[in-house]
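**Student:** So you can see what is in the structure, the chains are spelled out below.
There are 2 protein chains.
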Amino acid sequence: MGLREARRDEVRQIVEMLIDDQLGKGRESLDDLTPYLKAFDAIAADQFNTQYVWDESGEIVGCLQLTVIPGLSQKGAWRAQIESVRVKGSTRGSGVGQKMMHAIMAIARERGCDQMQLTTNKVRTDAHRFYEALGFEKTHEGMKKKL
Amino acid sequence: MGLREARRDEVRQIVEMLIDDQLGKGRESLDDLTPYLKAFDAIAADQFNTQYVWDESGEIVGCLQLTVIPGLSQKGAWRAQIESVRVKGSTRGSGVGQKMMHAIMAIARERGCDQMQLTTNKVRTDAHRFYEALGFEKTHEGMKKKL
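So the sequence lines, in the order shown, correspond to chains A and B. Residue 114 in the numbering used here sits at position 114 of the first sequence, with consecutive numbering throughout. Residue 24 in the numbering used here sits at position 24 of the second sequence, with consecutive numbering throughout.
Simulated from the structure, these hints should not be mistaken for lab results. Worth double-checking, as some hints may not be accurate.
The list makes no distinction among identical chains, and a pair is therefore deemed to hold if it is satisfied within one copy or across any two copies.
Computed list of lysine to aspartate or glutamate pairs in EDC-like fashion (alpha-carbon distance at most 20 angstroms, straight line) [unchecked claim]:
(1) Lys138 x Glu83
(2) Lys146 x Glu16
(3) Lys25 x Asp114
(4) Lys75 x Asp126
(5) Lys138 x Asp9
(6) Lys25 x Asp126
(7) Lys122 x Glu110
(8) Lys122 x Asp46
(9) Lys138 x Asp32
(10) Lys145 x Asp114
(11) Lys122 x Glu132
(12) Lys138 x Asp126
(13) Lys75 x Asp31
(14) Lys146 x Glu5
(15) Lys146 x Glu83
Work the whole structure out from these sequences, hints included.
**Tutor:** See the structure below:
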């Protein structure tokens, strides 16, 4: 029970959580898992990327991706970046999100990271409150561009 | 001339550009290059991280780090993230920044990335205008927390 590395046969359950989301429902699809599996394999093969799930007595109820980023700035400070943090709809409000975040912060510290960072869409006001309660600050603009 | 991978013996020049900055001047130091060299080695050894410099007839006048991030979200879309984008003080306003950005966007496309992302401190209003002119949008909050 708790945060652990995801297995390849859990990709469908992760995508189900990505779909069960105000923004995800319009941009994800279970019709073809191939691109998700390809991404999972790239994550699993890389030293600095890990796909995690929160396992509650054998049931997957949360997920997030950790990317560890070495960098020159701030005297060579390493950053822990998290992406695609989701909690299963039926489990929201139960504290799984907070437990997942505390677990990933501990992992990031063990990996030598000095700070954790994430971007969250400006429409996700609930998420902003969630992260602020955990000590995150909205110090930066998150800017994106399609290529 | 143009954007190319940085060499280890150019780390001092990169740190000089990181210091020559409204935020960097308070948090970087040339007293001991060891942590910067360690970070450079980690970047150079990794498949998904690259430290670039802009070489203008043998002179280093710009830098940025590219991190390619595989991810499950958005049907397994790969992201290109840039960090520590700097242009040498004496060269600012000459268009090097724009040329550097166009070059890195081309590299990111070649590497299969669907979008480019970055976070920039909310006090860097000049940087926001610079990125917006290149088509970036402030769609996200960039949230950070010290670990």
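**Student:** What are the numbers of the hints that this structure violates, sorted from low to high?
**Tutor:** 2, 4, 5, 7, 8, 9, 14
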